[in-house]
Amino acid sequence: MLEYRLTALLLPGFLLLALPALAAYPWQMLVGQTTALPFLTLLTILFGAVRYPGLFLSPLVFLSGLLCDLFTHSPLGFWTLLFLLALACARTTTLLTAERGPLVIALCLTAVLIFMTASVWGLTSLYQFAWQDLRISIEGMSMALLLAPVPALFVLGLEKLLILKNEKVPSRPFRSQR
Amino acid sequence: MLNKSPHDRYRLRPHSRQRAGGTRPATGLSGVLLFGLVLIAMVLLVLGKSDNRQLKEWRGKAIDFTSPLLQLASVPASYIQRSIDRMRDFYENNDKLHQLRLENQRLRAVKWHVERLEQNNAKLKALLNSAKEPRLKFVSGRIISGNPGLFGQHMLVNVGRRNGVHAGYAVINADGFIGRTFETAGRTSRILLLTDKQSRIPIKIGKKAVRGVATGTGAASPKVDFLPHNASIYEGDLVFTSGHGGDLPKGLRIGVIKKIGKQYHIALSAENEGTEYVSILYFQQPGLAHRQ
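Protein chains in written order, with the working numbering: chain A, 1 to 178; chain B, 1 to 292.
These are calculated hints, taken from the structure and not from any lab test.
All figures in this text were calculated on a predicted structure; none of them were measured in a lab.
Think of the CB as a built atom: it goes at the ideal place given N, C-alpha and C, for glycine as much as any other residue.
The reader is advised that the hints may include incorrect statements.
Unchecked claim - Short, incomplete list of chain A residues facing chain B, as computed with Cβ under 7 Å: (1) F62; (2) P75; (3) L76; (4) T80.
Please build the complete structure, drawing on both the sequences and the hints.
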């Protein structure tokens, strides 16, 4: 139980602090220019908070956002606000789809993804008082979706290894208690 | 009733209606906390927009504090980059060797010519009693962070105010001018790249030294603005910094002119991708000193 608790504390902490650091990594040396990394953190929060709503705590998400702002030289509060928005969306999705099938959950998450992409673009435009290129946000989100299996596999691997040694992962965040 | 797994412990606590099979958004302390943090993030955004000096200072200190971590993290990237370069070199060695021999021959001829011109130039300057150009000193640093973000194209380099670097200094790599410093902290400086939308660099073009301004567009090739009427410039003309305004040294190589549609652009000679080390030129000119 102790190792479970430790992992439960460390896993999101590690993910949410390591991913912003990855966003600051000089990737242009290796793979050319990419804006996908902050979006990848956003996706991790979104899907992570749907899967483990109790683990992705808002102070941790706030700290992750601040680090991301710091490392990517975005205005302080920009990614912080978006990450918190993603957390709120994830919590709402979790509660709204509690009794629904996987298709509904998938549709909801797709809608949330579109909403988050539009939010990134909208907030960037609002901050700079000029319409920004929507393509940059779409490209960033698409790239992040392609990269998403990497943190997902990492989380699932650890989950199998430590968290749920002999337990099955409940496929749904909430089940009917009846 | 399902069996409880340890996993359930970390799920949101079901609300009273949840127990009855309904769903309801999370309320209570976690909701209030989330709302409070959203408000703080908004305040930070507004303060940032108002160009708060204290916030900038704090940000610089925070970057300084985390720079060793970034520096450490960038080591594998540069190692992989060097390995890729080495492999590429290995495969292209024969071709390169031949090219280098040819280039060497050509450079020997040019060297002799340049030496003669330098001697002539020195004699003429002595005759004119002209003012000496300031000698450029520089400090080199490693890129420790930098990706084009939603808010521009910057790089973070591991030299800062402790090394005498201030905002506005020119930054070059082995191929030419890449940008200028625009924010400096104790141990780090942020470089605004030529390609950034906020970048404006006074330039001269071609043999006739036509003046203009290189304006960043966010794309790989900055455009050329403020050209004189009927300026005669052609594709392939070399572009250098003009030094006008006194902020930057003159004669730093930027690239060559290319035409896209009716607009002149600059194909940069120094690529940002793959840049590992850069040099920051100390250049104290009246224009820059006055502004600081």
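* Which numbered hints does this structure break? -> When the structure is compared with the hints, none of them turns out to be violated.
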